[in-house]
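Trainee: Each protein sequence line maps, in turn, to chains A, B and C. 359 is the number that the working numbering gives to position 312 of the first sequence; each next residue is one higher, with no gaps. 126 is the number that the working numbering gives to position 79 of the second sequence; each next residue is one higher, with no gaps. 159 is the number that the working numbering gives to position 112 of the third sequence; each next residue is one higher, with no gaps.
Please keep in mind that the hints were generated in silico from the structure rather than gathered at the bench. Predicted model only: the values in this text are computed from it and were never measured. Some hints could be false.
When chains are identical, the list treats them as one kind, so a pair holds in a single copy or across two.
Result set (EDC-like, lysine to aspartate or glutamate): computed pairs, CA atoms no more than 16 Å apart in a straight line [as the list claims (entries may be wrong)]:
| # | residue 1 | residue 2 |
| --- | --- | --- |
| 1 | Lys-103 | Glu-347 |
| 2 | Lys-358 | Glu-74 |
| 3 | Lys-103 | Glu-344 |
| 4 | Lys-358 | Glu-91 |
| 5 | Lys-360 | Glu-91 |
| 6 | Lys-105 | Glu-344 |
| 7 | Lys-103 | Glu-341 |
| 8 | Lys-103 | Asp-350 |
| 9 | Lys-250 | Asp-280 |
| 10 | Lys-343 | Asp-185 |
| 11 | Lys-103 | Glu-65 |
| 12 | Lys-105 | Glu-341 |
| 13 | Lys-68 | Asp-109 |
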Amino acid sequence: MYIRNAWYVAGWASEFDEQLKAVVVLEQPLVMYRIDENTVAALEDRCPHRLLPLSKGKRIGDDIQCGYHGMTFNCSGKCVRVPGQDNVPSSAYVQAFPVHQKNNIVFVWMGEPDKADTDLIFDMPEFQSDDWHVHQGDALHLNAHYLNVAENLVDPAHVSFVHPTTLGNAASENVPVHVDTQGEVLVAWRWIRDAEPVGFFQKFGGFNGNVDRWHYYYLHLPSIAVIDFGSADTHLNLDESDRNKGVRIFALHFLTPVNEHLTIDRWLHIRNTAVDDEAVSESMDAMFRVAFNEDKEILEAIDAQEQLPQKRKPIRLAIDKGPTVYRRRIRDLAEQETTEDLGEPLRPTFVHHE
Amino acid sequence: MYIRNAWYVAGWASEFDEQLKAVVVLEQPLVMYRIDENTVAALEDRCPHRLLPLSKGKRIGDDIQCGYHGMTFNCSGKCVRVPGQDNVPSSAYVQAFPVHQKNNIVFVWMGEPDKADTDLIFDMPEFQSDDWHVHQGDALHLNAHYLNVAENLVDPAHVSFVHPTTLGNAASENVPVHVDTQGEVLVAWRWIRDAEPVGFFQKFGGFNGNVDRWHYYYLHLPSIAVIDFGSADTHLNLDESDRNKGVRIFALHFLTPVNEHLTIDRWLHIRNTAVDDEAVSESMDAMFRVAFNEDKEILEAIDAQEQLPQKRKPIRLAIDKGPTVYRRRIRDLAEQETTEDLGEPLRPTFVHHE
Amino acid sequence: MYIRNAWYVAGWASEFDEQLKAVVVLEQPLVMYRIDENTVAALEDRCPHRLLPLSKGKRIGDDIQCGYHGMTFNCSGKCVRVPGQDNVPSSAYVQAFPVHQKNNIVFVWMGEPDKADTDLIFDMPEFQSDDWHVHQGDALHLNAHYLNVAENLVDPAHVSFVHPTTLGNAASENVPVHVDTQGEVLVAWRWIRDAEPVGFFQKFGGFNGNVDRWHYYYLHLPSIAVIDFGSADTHLNLDESDRNKGVRIFALHFLTPVNEHLTIDRWLHIRNTAVDDEAVSESMDAMFRVAFNEDKEILEAIDAQEQLPQKRKPIRLAIDKGPTVYRRRIRDLAEQETTEDLGEPLRPTFVHHE
Chain A
48 MYIRNAWYVA
58 GWASEFDEQL
68 KAVVVLEQPL
78 VMYRIDENTV
88 AALEDRCPHR
98 LLPLSKGKRI
108 GDDIQCGYHG
118 MTFNCSGKCV
128 RVPGQDNVPS
138 SAYVQAFPVH
148 QKNNIVFVWM
158 GEPDKADTDL
168 IFDMPEFQSD
178 DWHVHQGDAL
188 HLNAHYLNVA
198 ENLVDPAHVS
208 FVHPTTLGNA
218 ASENVPVHVD
228 TQGEVLVAWR
238 WIRDAEPVGF
248 FQKFGGFNGN
258 VDRWHYYYLH
268 LPSIAVIDFG
278 SADTHLNLDE
288 SDRNKGVRIF
298 ALHFLTPVNE
308 HLTIDRWLHI
318 RNTAVDDEAV
328 SESMDAMFRV
338 AFNEDKEILE
348 AIDAQEQLPQ
358 KRKPIRLAID
368 KGPTVYRRRI
378 RDLAEQETTE
388 DLGEPLRPTF
398 VHHE
Chain B
48 MYIRNAWYVA
58 GWASEFDEQL
68 KAVVVLEQPL
78 VMYRIDENTV
88 AALEDRCPHR
98 LLPLSKGKRI
108 GDDIQCGYHG
118 MTFNCSGKCV
128 RVPGQDNVPS
138 SAYVQAFPVH
148 QKNNIVFVWM
158 GEPDKADTDL
168 IFDMPEFQSD
178 DWHVHQGDAL
188 HLNAHYLNVA
198 ENLVDPAHVS
208 FVHPTTLGNA
218 ASENVPVHVD
228 TQGEVLVAWR
238 WIRDAEPVGF
248 FQKFGGFNGN
258 VDRWHYYYLH
268 LPSIAVIDFG
278 SADTHLNLDE
288 SDRNKGVRIF
298 ALHFLTPVNE
308 HLTIDRWLHI
318 RNTAVDDEAV
328 SESMDAMFRV
338 AFNEDKEILE
348 AIDAQEQLPQ
358 KRKPIRLAID
368 KGPTVYRRRI
378 RDLAEQETTE
388 DLGEPLRPTF
398 VHHE
Chain C
48 MYIRNAWYVA
58 GWASEFDEQL
68 KAVVVLEQPL
78 VMYRIDENTV
88 AALEDRCPHR
98 LLPLSKGKRI
108 GDDIQCGYHG
118 MTFNCSGKCV
128 RVPGQDNVPS
138 SAYVQAFPVH
148 QKNNIVFVWM
158 GEPDKADTDL
168 IFDMPEFQSD
178 DWHVHQGDAL
188 HLNAHYLNVA
198 ENLVDPAHVS
208 FVHPTTLGNA
218 ASENVPVHVD
228 TQGEVLVAWR
238 WIRDAEPVGF
248 FQKFGGFNGN
258 VDRWHYYYLH
268 LPSIAVIDFG
278 SADTHLNLDE
288 SDRNKGVRIF
298 ALHFLTPVNE
308 HLTIDRWLHI
318 RNTAVDDEAV
328 SESMDAMFRV
338 AFNEDKEILE
348 AIDAQEQLPQ
358 KRKPIRLAID
368 KGPTVYRRRI
378 RDLAEQETTE
388 DLGEPLRPTF
398 VHHE
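In isolation and in its complexed conformation, chain A is listed as follows (with noise of 0.2 Å):
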């Protein structure tokens, strides 16, 4: 159950040079270049002629000749030249995707190409704040299906279990999560007032005594999460919309669903604290690599269990509010695309940090 209409991280724009790059997004294979420093263009990545996909081709200026029999295609996947003969065959094309590169992050569009709307790529102010430092992480691959990579990310309940060094501890093991909808973005949050700092901020917080701390998980459809989380010493008595006078993270997850079975998370992350020390985001990767690593052990081994014969229909918490909320969405946004009218696109939702 993919949703195509919607624009997916393809890379990091530092992954795609002048070599063919041979990338898979909701199954589709693509071949992808780049043609300057803003632009890069993404074809169907198989030769109509006999199937080879072009990737394994040559570039021959912005076009790709393909190593068989040196058809050649423009960055448009028209087709500019077949060798042996002067006429090119009406059905001698391949599919173009649109492209956008945005942030240094390269979003291909998968959908209907009149509804690639760049206005509609995620964004967040922050991006472009001298107040905050943004830091490319890892392209992680996880054995799993996107929508339980996705779930795991609209769901403040499992830190305290599966990340107890690093984001979680047992003073939120009981604490209620509040979940909401604004637009297309799915918010599940908890505030955990007056206990231990957690792992991560007793690293980076520099705090003495007891913290509130907040998880805030902003879940855009169909698979990027910004997941807002800090703490303030308890004596400030943060207000919930003065965040940002604590320490502030906000770790960034595109999703990029490969098949049914792989899912790429590229992750990044962008703090208030620390902004021009380098070697605090190396430190900071290192602690989110273990947690990340938490998790892809946990979304694989549920995979794995998936794929095992059902003898019960799993049972649903009060914690699960936010993925119950969000396939419940997914669900509902796959069968307005298969219907004859696809309807709209996803509208963009910033987060709005009060």
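Here the structure of chain A is known, so what remains is to put chains B and C in place on it, guided by the hints.
Mentor: Positioned in the frame of chain A, the structure of chains B and C alone reads:
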């Protein structure tokens, strides 16, 4: 085709400690862990919430806390805690499986719990006798269906060809096989009189000249085999019921069907010779490993063949009496279990060593 | 889609000795072994009793004894012994396949035995001539369907793009391809006049200036290809039928379909230059390996693509004449074989080198 109302070996007692251990029996994933010296618990290895194997969780006293959201189950499978809510839904449980430890072996019951009578568990008096030495061997993994592995264990005819250096030799190639049933035990046997000792008894028998050699294959349905084999000096003219007067060894095979292409064969041996000499145990292990790996090679090749298209029905020979009776009994038991009245569980029948 | 009534290469003569060798042709497992210098036997590699591959058994003279229970078959597939019983059931046999060794190559017939006419086996007079040197190359394994591999061998157009450093160059990119059929042989060819020699003839031709170059692709149905290629000084203005006056090389490819995703390409070359110089053979091997691995990479990538969902029919181009005729002929032959009257086996047609 599995027989569910039966005790299967989940492991040697030494395989279970306070750690959570993932085990699969009859395609059912189990999480098992030791409660005390004589007690091991076995639960369905899947949280009913998001399907994470409980073996990925954490032990809290004698309970298991799921590693994803902290749902906690006691060793009877009852849910005792759901973080984030006060009530426990009635669907929040995991299946518990009866377990019993006997003779340093842990047995699990995979069928209807109310039929799990521990009196049905395999035993033989030599386990408790000072005249005999019991020595646990390995857990041999075979990529083969358990019916083919078991069939091999009620088939004296193969030893001449598969184990020419250890358990068989040319003298037995044409000796007919007798087959009988004693309750739920099939017996296939033959005597080879006045022949050179086989490799095993050349090494462990201390014989100078020819011997009388016997092979009795007791197959306890559905999948435990006792191979009673031994030799005596031909001049003794040993009566068939006097086997304890010869050098006598029981090789026990506890087969655990994991799935249709994987069977674990845990084997041990019990002997009436060199009962105080552990070096002899080790050196018998070494010889058994040679022999059982010969079986493994053949059984895995057959498993691969059975997955290819079949052009004709396999033929049956005179030597197939044991396997033929075995398969018929298993088919009858499986049919019995799928009818509405599941009938009686297997009755125990102990080996009588007259 | 396999053609059964045909001789396939089971291996070079040097691949067979007294050992039992497991070989698979058209998905049929065979056990093969050498009887004498000129004779090799091929039996169905599966005992009719418990399905063990006979290649896991033991050779007893010219017979094979099964490794499980000792059933023994002679080299015609007849069962000559069943241990434990006196009679041999009529169903106790394995299929035997006609085999013929010629030109140090072992051919096996996979169709109706009474049609296995050895006169149909591929040959060409250069094998026996002192003016030519025959040199066996490798057995290249390709994870590709044999129809795609064979198609590549009746397709002169690909060499410009796939083999730019060895067998092709840009001069031939747009030269049209001629296609003809001679009985059961398809021929696709083209001449490139007055152009720089390709890599192969730069190394082995000793030319100073431009050359006339030819490529003739003879495809003997179903799966043997002879590629006749060579060059001559442009000033000779060589007639098409005078190719022996140039430097001429035959690259032979014997394709053995193993299954739908594995084809073995045993190749050899025959040349009219440096006939006494084995160092030239080795260095031609090295260059062929470069070229044939380029084919392998492309054909394996296509095989992977063909297993993905297809959205539209592949398009056909002017250069596809050879492959198109080839596929049509194979389809007709396959249809013929599945009708009741299987029709005549392939008639041999030898290459005429006018």
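Trainee: Could you run down the list of hints and mark each one as holding or not?
Mentor: Comparing the hints with the structure gives:
For the homomeric pair Lys-103 and Glu-347, the shortest alpha-carbon distance between copies (12 Å) is at most 16 Å, but the shortest distance inside one copy (31 Å) is not. Proximity of Lys-358 to Glu-74 under the C-alpha cut-off of 16 Å is restricted to the inter-copy arrangement: shortest distance 13 Å between copies versus 29 Å within a copy. In this assembly of identical chains, the alpha carbons of Lys-103 and Glu-344 lie at most 16 Å apart only when taken from different copies (9 Å versus 34 Å within one copy). For the identical chains of this complex, Lys-358 and Glu-91 are inter-copy neighbours only, at 11 Å across copies versus 40 Å inside a copy, given an alpha-carbon limit of 16 Å.
Proximity of Lys-360 to Glu-91 under the C-alpha cut-off of 16 Å is restricted to the inter-copy arrangement: shortest distance 15 Å between copies versus 39 Å within a copy. In the homo-oligomer, the alpha carbons of Lys-105 and Glu-344 lie at most 16 Å apart only across protomers (15 Å), although the nearest pairing inside one protomer, at 39 Å, exceeds that limit. In the homo-oligomer, the alpha carbons of Lys-103 and Glu-341 lie at most 16 Å apart only across protomers (11 Å), although the nearest pairing inside one protomer, at 36 Å, exceeds that limit. With identical chains, the CA atoms of Lys-103 and Asp-350 are at most 16 Å apart between copies only, with a shortest distance of 14 Å across copies and 32 Å within one.
For the homomeric pair Lys-250 and Asp-280, the shortest alpha-carbon distance inside one copy (14 Å) is at most 16 Å, but the shortest distance between copies (77 Å) is not. With identical chains, the CA atoms of Lys-343 and Asp-185 are at most 16 Å apart within one copy only, with a shortest distance of 13 Å there and 34 Å across copies. In this homomeric assembly, Lys-103 and Glu-65 come within 16 Å of each other (Cα to Cα) only inside a single copy, at 14 Å, whereas the closest approach across copies is 44 Å. Taking the shortest alpha-carbon separations for Lys-105 and Glu-341, only the inter-copy value of 14 Å comes in at or below 16 Å, while the best intra-copy value is 41 Å.
When the C-alpha separation of Lys-68 and Asp-109 is checked against a cutoff of 16 Å, the pair qualifies only within one copy, where the shortest distance is 14 Å, while the shortest distance between copies is 52 Å.
Checked against the numbered hints given earlier, this structure breaks none of them.
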